[in-house]
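Please construct the entire structure, taking both the sequences and the accompanying hints into account.
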Amino acid sequence: MSIRFFIFLTVLWCCSPETSLAQTDDPFGNNQDFRRTGDDDFPDMLGEGTTIDSAKKDEKGRILLEPVPIEKYHTRTSPYIYEQDLLDNKDQPHYFDTTMNNIHRYSFVARNNYMYQDLGTVGTAAKHLYFNEPDNYGTRWGLDAINLYLYDTENIKHYDTKSPFTSWYYIQGGAGRSLINVEHTQNIKPNWNAGFRIQRNTSTLLVGMEPVNKNDRQVDHGTYLFKTRYETKDKKYRLLAHFSTYTHKMKETGGLLLSSDDSAAVMGDLYKENYYPDPDDEGLGNPSVSRLQALDDLFSLSVGLLQNKLTSIVNTSQKRNKAHLYHQFGFLGEESFQLFHIFNLSKSEFEYVDGDFQLNKSFYPNINFDSTATESAHRIYMNEMSNTVGIKGETKGLFYSFHLRQNSYNYQFEYLPFEKVPVKTPTQRFMGFRGGYSLTENFNFRIDYEGLIAEEEKGSKIYGELNAKFIKLIHKRVTAEPDLMQQYYFGNHFYWNNVDANSMNPNKEPFEATEFASSEVYFPFAFKRIKIKPFAKYITFNNYIYYNHGIGPENNMAVPVQHDDQISIIQAGLDFELHLGHIHQLLLAQYTKNDDEDVIRMPEQFVNYNFFYEGRFPHRNILSRFGFDVHWHSKFFADAYMPVTQQFHLQNDFEIGNYVLADFYWSLHIKKVTMFLKFANILQGVVRDGYFTTPLYMGQPRQFEFGLNWVFYD
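The opening position of the sequence shown corresponds to residue 22 in my numbering, with each subsequent residue numbered one higher.
If you're looking for bench data, these hints aren't it; they were derived computationally from the structure. There may be inaccurate statements among the hints.
Said to hold, decoys possible - Capping the alpha-carbon separation at 30 Å, the derived lysine-lysine pairs in DSSO-like fashion look like this: (1) K183 / K235; (2) K93 / K254; (3) K257 / K178; (4) K343 / K479; (5) K183 / K558; (6) K210 / K148; (7) K490 / K148; (8) K552 / K493; (9) K497 / K549; (10) K497 / K614; (11) K549 / K692; (12) K490 / K549; (13) K254 / K178; (14) K445 / K417; (15) K614 / K111; (16) K343 / K445; (17) K479 / K178; (18) K183 / K272; (19) K343 / K272; (20) K183 / K343; (21) K441 / K272; (22) K445 / K558; (23) K558 / K490; (24) K256 / K111; (25) K254 / K148; (26) K272 / K417; (27) K256 / K148; (28) K235 / K272; (29) K254 / K417; (30) K441 / K497; (31) K558 / K493; (32) K343 / K148; (33) K368 / K235; (34) K490 / K479.
In structure tokens:
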């Protein structure tokens, strides 16, 4: 009774706008879904006389907590599937991961292998550290800075539970970071399941690395999801549906203020001399002292000596309501021939409000309207409706699928109150097919194609994959029109029109479709205690679109520009695992060579290393893992961030990287609870006093953090 009451209070707390919950599912569907907890329901999971070495382990050598169940409800009574499983005719259920793999990596950047840069705290704008592979080639919004925190259709878990299932996930991070996720699902009937999920995350407003006020939030994100799964007893008809709504509120700071003129009054002559020195001065003012060393001294300054660019905080918010339906009906047997239909409806809104425009006026590169106004605000609206119908089936290892899709859009700007500017966005129609064949368990291949039907529209996607025992080949080719933000923008501080040749177009020519191609090869080898997977990739871009740095006579900073020449990128790396008894080591190393750093920047070297001990400690009923998780990448001129348009853009003044980010963690599994204790950034002050995640935005300081995941099967 007390547990149920505790869960009830938690749900009420989640629904309150003053509280803070969090998204925990990986929006990219990575294999490192650390939130899938195990089923350690029993006092002695291994049984009498069973040793660690003889315990059941996964293919990586880590202990699995899956004994023969002695209770009625457990992990295997709560399977789930994804929508893609039904589309691919893969009716193989998924279960909770019973290991503690990467539970300490709670932040969205860390759980995605540190392949992203954000603004230094959970929930802030983020972009890929390398490049985004275009996936959707049709009309797209282009406001992608918070996509890392959104709950995509492809990653929604649809359960078939034999008992009510509830999970409660909580993280208390440093510097006011907080994440909570509550999920409940149960079968209403044996063939009908329904559930909900409430997720929110918050973080405290920072100046540098320190909170200004513990009660002043920088990020407040909330997602509410309702879902259902239904199928007839013979499984000829199957349905998956969900409705979700999210609100993501963020206070924009503009990053640290480094202007000598503006900051001298706030930070004093010491700051001015250290960071904008006279070449004739000595000491910190000596030109032999690197800019990186000078910037490192910023970490020793307190909040009172640091100031953000936006003196008065700017508020941004992004909202979306989404309804989604997938259903299929089988003929001529369950899988031989099926008709399917997918419906998707979404309404999105972005708002930017500077309520103290006069105080922040110096931050903006342009003022297109009233420069005497007290407020600067704009809103963008994007509505989309999609219908897909198709046929699919599978027989004797051969899978096929054909479909037609139609997308309709409505796109508008509101640059003044009640002054909306509609942008023409025609309806698009697509045709596609997918095919695959499994010759043996170790040999299969697939090929996908989808493209716009209209001849005057350019847009298509080709994907091919071949899997054999010791090799995996992937080839992708995408032709994608510019997204709506790249095509057209109209506001108080920026405006461009890259659809037609006109005076608003700095290129004087309409943007062409971007062409992306990627060829990848992997060589996976698995032995008893070692797994090794070398890989190589070759990527090309044609007509690549980026946001520039504003150098030149027109000084059009952070506006989209199209690059005419081809860009080639080569990547080579190694994914390595070594498991020796209780000792485990995981390594990911990658080298990247880019032939055009004038328009696209990325680190040349990248390393993740995880070293840990796993065993029963301090009691036989507690499975523990002690370890160090280390990340490093070489320095490079990372993209800066423009809050007005929510876009990252080139800059030539500020390098990030060359900092060893190391965490010490202790993860534990006790019955139905998985938890961790972590000492983050333990090397701060050893080599350098801190690091930047994005130019002008400091990363997380050394702090203690903890989190837990608690599941109930009844």
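Against the structure, the hints come out as follows:
For the hint pairing K183 with K235, the CA-to-CA distance comes to about 43 Å; that exceeds 30 Å, so the pair is violated. Our distance criterion of 30 Å between C-alpha atoms is met by K93 and K254, whose separation comes to about 23 Å. Annotation: proposed proximity of K257 to K178 holds, straight-line Cα distance about 21 Å (limit 30 Å). Annotation: proposed proximity of K343 to K479 holds, straight-line Cα distance about 27 Å (limit 30 Å).
Between K183 and K558 the alpha-carbon distance is near 44 Å, which puts this suggested pair outside the 30 Å criterion. Between K210 and K148, the direct Cα distance comes to roughly 43 Å. Violation of the 30 Å bound is thereby established for this hinted pair. For the given pair, K490 sits about 34 Å from K148 by alpha-carbon distance, which is inconsistent with the 30 Å threshold. Restraint check for K552 and K493: satisfied, since their Cα atoms lie roughly 15 Å apart, inside the 30 Å limit.
Proximity of K497 to K549 is assessed by CA-CA distance (about 33 Å); at most 30 Å being required, the pair is judged violated. Restraint check: the Cα-Cα separation between K497 and K614 comes to about 19 Å, which is no more than 30 Å; the hinted pair holds. Taken as a hint, the K549 and K692 pair is honoured in the structure, with Cα atoms around 29 Å apart against an allowance of 30 Å. A C-alpha spacing of about 16 Å is found between K490 and K549, which places the hinted pair at or below 30 Å, so the restraint holds.
With a CA separation close to 21 Å, the supplied pair K254 and K178 stays within the 30 Å bound. For the proposed pair K445 and K417, the alpha carbon gap of about 47 Å is over 30 Å, so the pair is violated. Between K614 and K111, the direct Cα distance comes to roughly 38 Å. Violation of the 30 Å bound is thereby established for this hinted pair. At most 30 Å may separate the alpha-carbon atoms for a hinted pair to count; K343 and K445 meet this at roughly 22 Å.
Distance restraint check for K479 and K178: the Cα-Cα separation of roughly 34 Å exceeds the 30 Å cut-off, and the hinted pair is therefore not satisfied. This hinted pair does not check out: K183 and K272 have alpha carbons roughly 44 Å apart, beyond 30 Å. For the suggested pair K343 and K272, the alpha carbons sit about 25 Å apart, so the restraint of at most 30 Å is met. Between K183 and K343 the alpha-carbon distance is near 29 Å, which keeps this suggested pair within the 30 Å criterion.
Taking the CA atoms of K441 and K272, the gap is near 24 Å; set against the 30 Å cutoff, the hint holds. Straight-line distance between C-alpha atoms of K445 and K558 comes to about 38 Å, which puts the hinted pair past the 30 Å bound. A distance of roughly 19 Å separates the Cα atoms of K558 and K490; the hinted pair therefore holds under the 30 Å criterion. For the proposed pair K256 and K111, the alpha carbon gap of about 13 Å is at most 30 Å, so the pair holds.
The straight-line distance between the Cα atoms of K254 and K148 is roughly 45 Å, outside the 30 Å bound, and the hint therefore fails. Proximity of K272 to K417 is assessed by CA-CA distance (about 56 Å); at most 30 Å being required, the pair is judged violated. For the hint linking K256 to K148, the alpha-carbon distance of about 41 Å lies beyond 30 Å, and the restraint is violated. Straight-line distance between C-alpha atoms of K235 and K272 comes to about 14 Å, which keeps the hinted pair within the 30 Å bound.
Proximity of K254 to K417 is assessed by CA-CA distance (about 24 Å); at most 30 Å being required, the pair is judged to hold. Among the hinted pairs, K441 with K497 is inconsistent with the structure: their alpha-carbon atoms are about 39 Å apart, more than 30 Å. Our distance criterion of 30 Å between C-alpha atoms is met by K558 and K493, whose separation comes to about 12 Å. At roughly 23 Å between alpha-carbon atoms, K343 and K148 fall within 30 Å of each other, so this suggested pair holds.
Under the criterion of a C-alpha separation no larger than 30 Å, the hint pairing K368 with K235 is inconsistent with the structure, at around 33 Å. Between the alpha carbons of K490 and K479 the distance comes to roughly 37 Å, so the proposed pair goes past 30 Å and is violated.
When the structure is compared with the earlier hints, violations turn up for hints 1, 5, 6, 7, 9, 14, 15, 17, 18, 22, 25, 26, 27, 30, 33 and 34 and for no others.
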